[in-house]
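Q: Chains as they are written, first to last, in the working numbering: chain A, 170 to 284; chain B, 3 to 116.
Each hint should be verified, as a subset may be incorrect.
As the list claims (entries may be wrong) - One-sided and incomplete, this derived list gives chain B residues near chain A with beta-carbon spacing under 7 Å:
#, residue
1, Ser33
2, Ser35
3, Gly44
4, Leu45
5, Phe47
6, Glu54
7, Asn58
8, Asp87
9, Asn96
10, Lys104
11, Ser109
12, Gly110
Unchecked claim - With a straight-line Cα cutoff of 25 Å, these simulated SDA-like cross-link-like pairs (lysine to any residue) come out:
#, chain 1, residue 1, chain 2, residue 2
13, A, Lys271, B, Thr40
14, A, Lys238, A, Gln211
15, A, Lys237, A, Val188
16, B, Lys59, A, Thr174
17, B, Lys59, A, Gln171
Derived by calculation from the structure, the hints in this document are not laboratory data. All C-beta atoms in this analysis are idealised placements derived from N, C-alpha and C, irrespective of residue type, glycine included.
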Amino acid sequence: AQSVTQLGSHVSVSEGALVLLRCNYSSSVPPYLFWYVQYPNQGLQLLLKYTSAATLVKGINGFEAEFKKSETSFHLTKPSAHMSDAAEYFCAVTTGRGTASKLTFGTGTRLQVTL
Amino acid sequence: KAGVTQTPRYLIKTRGQQVTLSCSPISGHRSVSWYQQTPGQGLQFLFEYFSETQRNKGNFPGRFSGRQFSNSRSEMNVSTLELGDSALYLCASNLRGTGDEKLFFGSGTQLSVL
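Whole structure, please, built from the sequences with the hints as guidance.
A: Structural data, given as structure tokens:
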């Protein structure tokens, strides 16, 4: 079985500051990892995904994440926060082809961006 | 290209009733998955349908069921509703089997059980 742990249910940053959202995973086989964003009253939008091709994954809206096997981590970063980044972010894991639709999600991190 | 469409957007039901939710995937996507989102339990996988067959299933009671039609549209049914079934139900479609699988989510159906 696989799982993800998101450290920090709420993160607050100033506009223009670095965004760092933490995700640690547990999986008995090489994982596929995802970050999704959810804006109020909307569904989830895929930011980026890791499928073993490259450890540094670049996504949409300036976000990127680095897969670190030794630390079982897949933290999400953005160099400079924008007010429009305020949303809830979810890390998710699955174990590969055939199960890509069966994601196990973390509990989410709500990002607040202040002026 | 149209995204994933879920109807209705909001539903209010009473305990003991049954409800059917609908999902139309992105054109060309043959996999449809359903998730339940609640403040207490977070996002939980319900089931996935591909080519009209259930391919994966989560840990939900038999009151939760689904089906998929030949045009890939899917419906989810919950019978004998309980208060705890109040949730946002999200549908997602996927280009299954392509090696570049990723879920595209709809905006969800907000179900309130009174």
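Q: Given Ser109(B) as an interface hint, is its Cβ closer than 7 Å to any Cβ of chain A?
A: holds, 5 Å
Q: Identify whether the interface hint at Gly44(B) stands, where standing means a beta carbon of chain A within less than 7 Å of its own.
A: Since chain A brings a Cβ to about 5 Å from Gly44(B), closer than 7 Å, the hint holds.
Q: Do the numbers back the hint for Asn96(B), that is, is its least Cβ distance to chain A under 7 Å?
A: This interface hint holds because 5 Å falls under the 7 Å limit.
Q: Does Leu45(B) pass the interface hint, meaning its C-beta sits closer than 7 Å to a C-beta of chain A?
A: holds, 4 Å
Q: When you check the alpha-carbon spacing of Lys238(A) and Gln211(A), does it fall within 25 Å?
A: violated, 32 Å
Q: Was the hint right that Glu54(B) lines chain A, CB cutoff 7 Å?
A: It is violated, given that the least Cβ distance between Glu54(B) and chain A is near 15 Å, above 7 Å.
Q: Using Cβ atoms only, decide whether Asp87(B) comes closer than 7 Å to chain A, and label the hint accordingly.
A: Violated - the Cβ of Asp87(B) stays beyond 7 Å from chain A, reaching only about 19 Å at its closest.
Q: Mind checking the alpha carbons of Lys271(A) and Thr40(B) for me, to see if they're no more than 25 Å apart?
A: Judged against 25 Å, a Cα distance of about 17 Å means the pair holds.
Q: Decide if the proposed pair is consistent with the structure: Lys59(B) and Gln171(A), CA atoms, cutoff 25 Å inclusive.
A: This hinted pair holds, its Cα atoms lying about 15 Å apart.
Q: Using the nearest Cβ pair, does Lys104(B) come within less than 7 Å of chain A?
A: holds, 5 Å
Q: Is Lys59(B) close enough to Thr174(A), meaning Cα to Cα at most 25 Å?
A: holds, 22 Å
Q: Have a go at the Gly110(B) hint: is there a Cβ in chain A nearer than 7 Å to its own Cβ?
A: OK, holds: Gly110(B) within 7 Å of chain A, min 5 Å.
Hint compliance for this structure: hints 6, 8 and 14 are not met, and every other hint is.
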